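Top to bottom, those sequences are chains A and B. For the first sequence, the numbering used here begins at 1 and goes up steadily by one. For the second sequence, the numbering used here begins at 1 and goes up steadily by one.
Hints are computed from structural coordinates only; laboratory data are not their basis. Treat the hints loosely; a few may be bogus.
For lysine to aspartate or glutamate, the following EDC-like pairs were computed, each having C-alpha atoms within a straight-line distance of at most 20 Å [claimed, not checked]: (1) A/LYS16 - A/ASP109; (2) A/LYS116 - A/GLU219; (3) A/LYS213 - B/ASP68; (4) A/LYS213 - B/GLU105; (5) A/LYS213 - A/ASP58; (6) A/LYS213 - A/ASP109.
Note that the structure is a prediction, hence the values are computed from the model and not measured.
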Amino acid sequence: MSNMYYVAPEQVMKDKAEFAQKGIARGRSIIGAIYETGVVMVAENPSASLYKVSEVYDRLAFAGVGKYNEFDRLREAGIRWADGTGFTYSREDVDARALANYYAQYIGDVFTEGQKPLEIEILVAQLGNKLRPTKLYRIQYEGTIIDEAAFAVLGGDAESIKARFTQLATEPAGLAATLRSAVDALSGPDRSILTADLEVGILEDRGHRRTFKRLSDEEVNALRG
Amino acid sequence: MGLPLFNATSDPGPSFLSYADSVGLTLSQSNPSDLSAHATTVVALRCRDGVVMVGDRQATHGYIASRDVRKIEAADHFTGIAISGSAARGLEFIRIAQLSFEHYEKMSDASLSLEGKANYLSPLIQRNNLTMPLVVLPLLAGWDTSHGIGRVFEYDGAGGCYERQDFTTIGSGSPFAESTLRLGFRPDLTLDEALELAALAIYEAGDNDPSTGGPDFVRNLFPMMVTITAQGFQELPQEYVANTYRSIVERRTQSGGAAGGTLR
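Only chain B is shown next, with the shape it has when bound in the complex (with noise of 0.2 Å):
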């Protein structure tokens, strides 16, 4: 590759997509769903410290095809970004995220508001899902360093970009997450409530789906919890997953496999 050398009507400014486009270095379109391993369940809530992110660790391709898939990456510092369906399309995706964000901070020497980046995903998921719909899904959250919060955004096959005020979820895993989450979500819910409600989120996913995995204790594999406050993003250490998933395993042992009528 030469020196990528523009003059100023042709420019493609400090999006990384545009540039991309404009020297052929641009992700082919396929429609890889048939054939490649399938990434599932993460949720991400608001709390009152900002934004909590929890998923599984496992790709299924008719069998279980990995055990250990990250899904959830920080796009940069104050930035999630998880995804599910294709694994190959997801990671990809991730590696643009990441890129763009890094490539429009680097070039204008300021860094995109997190609608900015929730906004700049739109039209990447349009082109990933233009031959099948829903080849990849991802989920935004983040801090919002310019307001001081902690903000989540999901998305709709065909590129849309919704805010959601208080929990979103995707993956194949959803449907039993949500309910988990629809139950146990307030505004007011602190950091390590909101930790907790989604391991359990999780954990009832890993329960019920069969693409989604639980806490693996043989292999010490366990879902990764991540929090996004003032702070930045931050990955719960495995010894604190671990632990979290083994006190809701043994609740639900002595009250045999039964939530016991409370969210536990």
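Chain A extracted, bound-state conformation (with noise of 0.2 Å):
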């Protein structure tokens, strides 16, 4: 009989919690939020080629925080969940929330039964229509789907961004407004982001069919003001 010790289920949880808990706060965060035309999601990210934010189907955007390859590989079944959905039915049949249940199941599978938790925590952002509301799902490490009302944090330092972020953005406003409160309350009082080190994606109707578009560095400056 080898070392095998008892543990107690809640101490198991609590381990692999933390462990996931800590691997998400070594990263920057995000912010997701919807104004008075669209969705905007702003990520502090360095690198201007591995992206946090990205483009799923014709109204969905997906955007992760934590380790690059565990959210990059849900990112591109995302993808292929839509395309290959819309391709068998129809396009306006891909749906935010049955992708959002999809990748919560998988997490939650991943947290109980897994060698180790995903440590990440990822967005799923619908633009609404009238066939479907805008949404934002927020999918945490162990599974737990919530659907954030009017925007979502994700990464480590939550909470503190949150609190700063609803004293700037009291009301629905426009996308420059939204995304000057975003970027302050991911900066917080005591320093600046620069241009360069953001990652702004967008889903706005702008006449076609797909509508999730990244800005660039000059029109986050612009926006910026």
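Once you've looked at the hints, go ahead and assemble the two chains, each given alone in its own frame, into the complex.
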């Protein structure tokens, strides 16, 4: 008989949760917020090619914090799921809630059954139309899915960023104001973030089928004013 | 459909076809040539500012099955794709091409090159034409953003992809359209001249080939005319197309149906 000690399930879960939280807290945070005519996702990201925010489908976007390889695999799975579903049925049958549920189930399964939990937190954003509402689904490392009403903060310092953003963005505003609030909330009062270190993606109707757009540094600068 | 996750060694990459194959989404292979309606003539030609595509709107199945088929579609912002042969397979072909280019773009955060798009279609044609040659034959034309030129590609039934320096035609009206293009083509055509020539080529095809439709003034249905330039894919408004064909028909009426010794 080898060294098999009894460990209470509460302790196992607590250890796993701590492990995941530590991993997530190492990275920079992301804010996803609904503004008057769309959804904006703002990430602090010094890399100009390893994206944290990306397009999934016509009206769906993905954002992830934590270990890049872990959330990027989920991003790819989301694109494949959406393109496959749209091809099999119709483009209008691709729905954020279904995708968010699949993500939550998978992340939850890994948390309970896997060797180690995923050190990630992700966001599925949907731009509404007459068929569906605008939605932000935040999914945590243990599979909890949260339907966020106006904005979502992902990453380590979520509580204080959340508090700052709530103070700055008291009512629905346009893109420029929402972006400024998000950047100020991410940076806090003691530092400022260079535009080059920001990654910004929006979902907005511009008369095309695909609503996702990555904003260039020039566009972000113009909006920051 | 569950969440399609793969490990690094079995990952199908950014190709929608490889992904579809790996999860069994693939289209079935059958021989629809005797069963379904056929789409006919489309031309694409290069000009100074890009490429021009014009195609008729008719699908035939012994009788006229449809008068308003769209045989030319934007595969993406800078690429046009056109089909001939089985309408069922052709429309599915367009759908898969559009989806594949977008899928690649989203997966890898970069657009495929125009040549990459042209080559991507080859195995798709091979697959469609396995049981019976020439079930569906497409052509691809677009603005090459890396090199700043318009380019046209044609295919053979084995899936071979060939770039043409001047123009290409597909469908049963090809011989007539091609003759017109051969007589009228110059490498320095302006966009307007290229549109005029392509419209005339489709008029000739409609005039001679029983499966190709001509301008339909009764129903106000006209061939599709498209330009692809540095500004992207643009379908010309119905008014422009109607006026183009109205003037061709007026000229022909005056000369009793004959072209009258010139391209007009």
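Next item on the list: Mind checking the alpha carbons of A/LYS16 and A/ASP109 for me, to see if they're no more than 20 Å apart?
Entry: The hint holds at about 13 Å.
Notebook entry, point to check: Do the alpha carbons of A/LYS213 and A/ASP58 lie within 20 Å of each other, as the hint requires?
Noted result: holds (11 Å)
Checklist line | Given pair status - B/GLU105, A/LYS213, alpha carbons within 20 Å | finding: holds (13 Å)
Item checked: Pair hint outcome, A/LYS116 versus A/GLU219 [Cα-Cα no greater than 20 Å] -> Since the Cα atoms of A/LYS116 and A/GLU219 sit roughly 40 Å apart, the hinted pair is violated (cutoff 20 Å).
Note to self: Check the hint pairing A/LYS213 with B/ASP68 against an upper bound of 20 Å on the C-alpha distance.
What the structure shows: violated (34 Å)
Notebook entry, point to check: Does the alpha-carbon distance linking A/LYS213 and A/ASP109 stay inside the 20 Å limit?
Noted result: Violated: A/LYS213 and A/ASP109 sit about 32 Å apart, past 20 Å.
Hint check: violations occur at hints 2, 3, 6; the rest are consistent with the structure.
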